[in-house]
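K.L.:
The residues making up each chain are set out below.
There are 2 protein chains.
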Amino acid sequence: MDTHTIDAADTPPSQSEEETPWLTAREQRMWRAHLEVAKLLEYQLSRELQPHNLAINDYEILVVLSEAPDRRMRMTDLATATLQSKSRLSHQITRMENAGLVLRQECPGDRRGLYAHLTEHGWETMQRVAPDHVRSVRAHFIDRFTPEQLDDMYQALSPVAEHLRGLRGKP
Amino acid sequence: MDTHTIDAADTPPSQSEEETPWLTAREQRMWRAHLEVAKLLEYQLSRELQPHNLAINDYEILVVLSEAPDRRMRMTDLATATLQSKSRLSHQITRMENAGLVLRQECPGDRRGLYAHLTEHGWETMQRVAPDHVRSVRAHFIDRFTPEQLDDMYQALSPVAEHLRGLRGKP
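Residue numbers (my numbering), protein chains in the order written: chain W, 3 to 173; chain V, 3 to 173.
Among these hints, one or two may not hold up.
You can't tell identical chains apart in this list, so a pair holds if it fits in one copy or across any two.
[What the hints assert, rightly or not] DMTMM-like mimics (lysine to aspartate or glutamate), calculated; alpha carbons at most 25 angstroms apart, straight line:
#1 Lys88 / Glu38
#2 Lys41 / Glu21
#3 Lys41 / Asp153
#4 Lys88 / Glu44
#5 Lys88 / Asp72
#6 Lys172 / Glu50
#7 Lys88 / Asp134
#8 Lys88 / Glu50
#9 Lys172 / Asp153
#10 Lys41 / Asp154
#11 Lys172 / Glu122
Please keep in mind that the hints were generated in silico from the structure rather than gathered at the bench.
Go ahead and model the full structure; you've got the sequences and the hints to work with.
P.N.:
See the structure below:
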């Protein structure tokens, strides 16, 4: 997911070359820092969830379902909320169903298909894991910024998140 | 990968409850903005690589190999560089080998195993795709910040990246 900075000497002539808006060194270092933090942080948070026998995607499902009305969501909506394909989500939910964390059920009278429900065990698991997880998030991310940095980054990132959300459904 | 903010009313008594350093609203909104941008951006960049028949992980492999001496790396080092398990990387390299982008070869006299080489086709593919990819990165991320925001975020993220890199090898 990186953008290669191509040295002038390496660059073969190409039609688009002249117009390509390569990143400046200043932009490049920020882009790489973002990628590295995003990737390494996910990796570290995953590692610290392992003692709880949860993948980071499992934890995300627990959080999303726990915040949904009646702690359940349509599978299609859950796929959208977690940015997964339906088939991939289906595999994940099967694993989580086997672990007793969620339950797949048809909703009577609703032809729009299956729901995933958070089980009591799933809810308890999230409650038990959340304190450790929030400590991980603090130790490796949040507590490493000043309050001013937190606010500045929120101001910077928030419109980008909105832009990207707006692109979601579009072809 | 989210941190659930538990409302006081929802929270069952637990041993760790009193000491749990839940995120404040201010911290929470920044954490969610970061997660959302990281995830949605990866999703959008992936979508925009699809016309090139490249997954975002494939593009990353092309970039990493193109920057390596002789455009090759040991499979174990490549797994480390891309934060993947060896088995997962192996599957990916098999796919990319079938697409003619890389080549797996034993290095004579080196008992430390297989190398992945970037093929000429892999190199050309990266050169061809990079201009589009950098435009995507600009449109959805870099150009959405002021120069000051770029510098501030680099200053904030860079020590976090360093911290996380330092944790990588540790058990």
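K.L.:
Now look at each hint and say whether the structure bears it out.
P.N.:
To see whether the hints hold, each was checked on the structure:
1. Lys88 / Glu38: Close across copies (19 angstroms), not inside one copy (28 angstroms); limit 25 angstroms.
2. Lys41 / Glu21: neither (30 angstroms within a copy, 29 angstroms between copies)
3. Lys41 / Asp153: both (22 angstroms within a copy, 20 angstroms between copies)
4. Lys88 / Glu44: both (22 angstroms within a copy, 18 angstroms between copies)
5. Lys88 / Asp72: Within one copy, since 22 angstroms is at most 25 angstroms while 41 angstroms is not.
6. Lys172 / Glu50: between (36 angstroms within a copy, 12 angstroms between copies)
7. Lys88 / Asp134: Neither way: Lys88 and Asp134 sit 30 angstroms apart in one copy and 28 angstroms across, limit 25 angstroms.
8. Lys88 / Glu50: between (27 angstroms within a copy, 20 angstroms between copies)
9. Lys172 / Asp153: Answer is neither: 30 angstroms inside a copy and 32 angstroms across each miss the 25 angstroms cutoff.
10. Lys41 / Asp154: both (21 angstroms within a copy, 20 angstroms between copies)
11. Lys172 / Glu122: neither (37 angstroms within a copy, 35 angstroms between copies)
Consistency note: the structure conflicts with the earlier hints numbered 2, 7, 9 and 11.
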